[in-house]
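Enquirer: Whole structure, please, built from the sequences with the hints as guidance.
The sequence shown runs -21 to -1, 1 to 399 under mature numbering (1 follows the signal peptide of the UniProt record, and there is no 0).
Incorrect hints may have been included.
Unchecked claim - Mimicking PhoX-like on lysine-lysine, the simulated pairs with C-alpha atoms at most 20 Å apart in a straight line are:
hint, residue 1, residue 2
1, Lys55, Lys132
2, Lys41, Lys348
3, Lys197, Lys255
4, Lys275, Lys215
5, Lys255, Lys151
6, Lys275, Lys213
7, Lys162, Lys211
8, Lys151, Lys41
9, Lys294, Lys211
10, Lys294, Lys213
11, Lys41, Lys197
12, Lys213, Lys162
13, Lys132, Lys57
14, Lys215, Lys162
15, Lys211, Lys275
16, Lys275, Lys294
17, Lys151, Lys197
Simulated from the structure, these hints should not be mistaken for laboratory data.
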Amino acid sequence: MKIKPLVLAIVAAAGTSSAFAGGFTLSEQSISAMGTANAGRASSAIDASVVFNNPAAMGELKNAQATAGTAFIDAKTKIKNANGGLPGTFTPLGAPASAGTNDGNIVPHAFIPSGYFTSGDQGGWAWGIAAYGSYGLKTNNEATFAGRHLGDKSSVEVMTIQPAVSYQINDKVNVGFGPTINKIDAYLSQDTTPGGAGIVEIEGDDIGYGYNAGVHAKLSADTQIGLVYRSKVKYKIDDGSIKASGGTLTGGNALSGSASTSITLPESVEVSASHKLNDANTLHAGATWTRWSRLKDLPVANTTLGPRSETFNWKDSVGYAVGLTHACDDNLTLRAGLAYDNSPVAPADRSVRLPSADRYIASLGAGYKLTPTQTIDASYSYVQEQTAEVRKAAGGGLPGYSADYRNRASVYGVQFTQQF
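Expert: Right, here's the structure in full:
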């Protein structure tokens, strides 16, 4: 039995093959911002989702309001050129695959809900509260998957609660701050024998604390900028569990034990700008830097197998986005955006649990006022990734595995806002 699956479970808290932002961070917190591919989300205050987008801009909303939304992810994966090898070998690309199937479409459909409330301007002060998904992972390979010894089922969820407060320094500059409470739950399984008889299951959970801080400034009547810092968050899992059963792994007997580790998810800095071109059109741009280079290695203590350590060597990542908002009239607003996100995972470190690569995103969205106090927003994003090559050599008596993953997704979002 190997400890590596537990390491991947915790690292997966920092990533997901069903989420589409640099470093695999969920980016579906605001449906209205999704319409511009999140370009300008830190510099424009559209609705109560500003509590996440940039808490400093809460005072830009004059009235109290509540926003609730959900995003639906429909991801598709095709596995091409799949081949493996017998234990102790690595079959070159183009050779027949080892026993097993490579069906693809490993990401089940997923919903990502969010909810926000903000007080609006309270004489220079504003406050709010938010609940949203910040990280996620959900993959499910078929039982006969040829690479099942590297990863089978994966499920990681991180939900965040964030209160926030903002203060207007002067008529141009606002600052904001919000602590975050983050709950992680992880489950992974792995078939550790070529014959498919040895199953390892890993579970763990923890609560980590961090904060978001922002600045919002009006450079002119037409131009606004925003800066948001999202802190690192440390998770310490002391009560993780490992269960193994079947095959030569345990001599046909069941085996269970505890495992513990800690990991610090990286900080990020987002900067964005929004410029009003004319009465109808506003141009948005944004960039986000994430310090994924924090993930160098991860020591793991295990009462059953003894201490282990895993090396990752991830790199920092930067994502870019541009977008346009067009106000058709006082009730209808149209949005569009393009984004590019680079993956922090080097090809040599890519696994079947996280077979993701650099990606391109195109988004469309619309907001419509049902009444003077009620607005509904909808968005659609199409995500296309570059081919993700997985190349794992044989080792530990298990076969190697090589495949090209071609991932794409459609993300649909709907959101409702009520002003008070």
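Enquirer: Each of the hints needs a verdict: does it hold here or not?
Expert: Checked hints:
| no. | hint | result |
| --- | --- | --- |
| 1 | Lys55 x Lys132 | 16 Å, holds |
| 2 | Lys41 x Lys348 | 17 Å, holds |
| 3 | Lys197 x Lys255 | 12 Å, holds |
| 4 | Lys275 x Lys215 | 17 Å, holds |
| 5 | Lys255 x Lys151 | 16 Å, holds |
| 6 | Lys275 x Lys213 | 15 Å, holds |
| 7 | Lys162 x Lys211 | 14 Å, holds |
| 8 | Lys151 x Lys41 | 15 Å, holds |
| 9 | Lys294 x Lys211 | 15 Å, holds |
| 10 | Lys294 x Lys213 | 18 Å, holds |
| 11 | Lys41 x Lys197 | 16 Å, holds |
| 12 | Lys213 x Lys162 | 11 Å, holds |
| 13 | Lys132 x Lys57 | 17 Å, holds |
| 14 | Lys215 x Lys162 | 11 Å, holds |
| 15 | Lys211 x Lys275 | 15 Å, holds |
| 16 | Lys275 x Lys294 | 9 Å, holds |
| 17 | Lys151 x Lys197 | 5 Å, holds |
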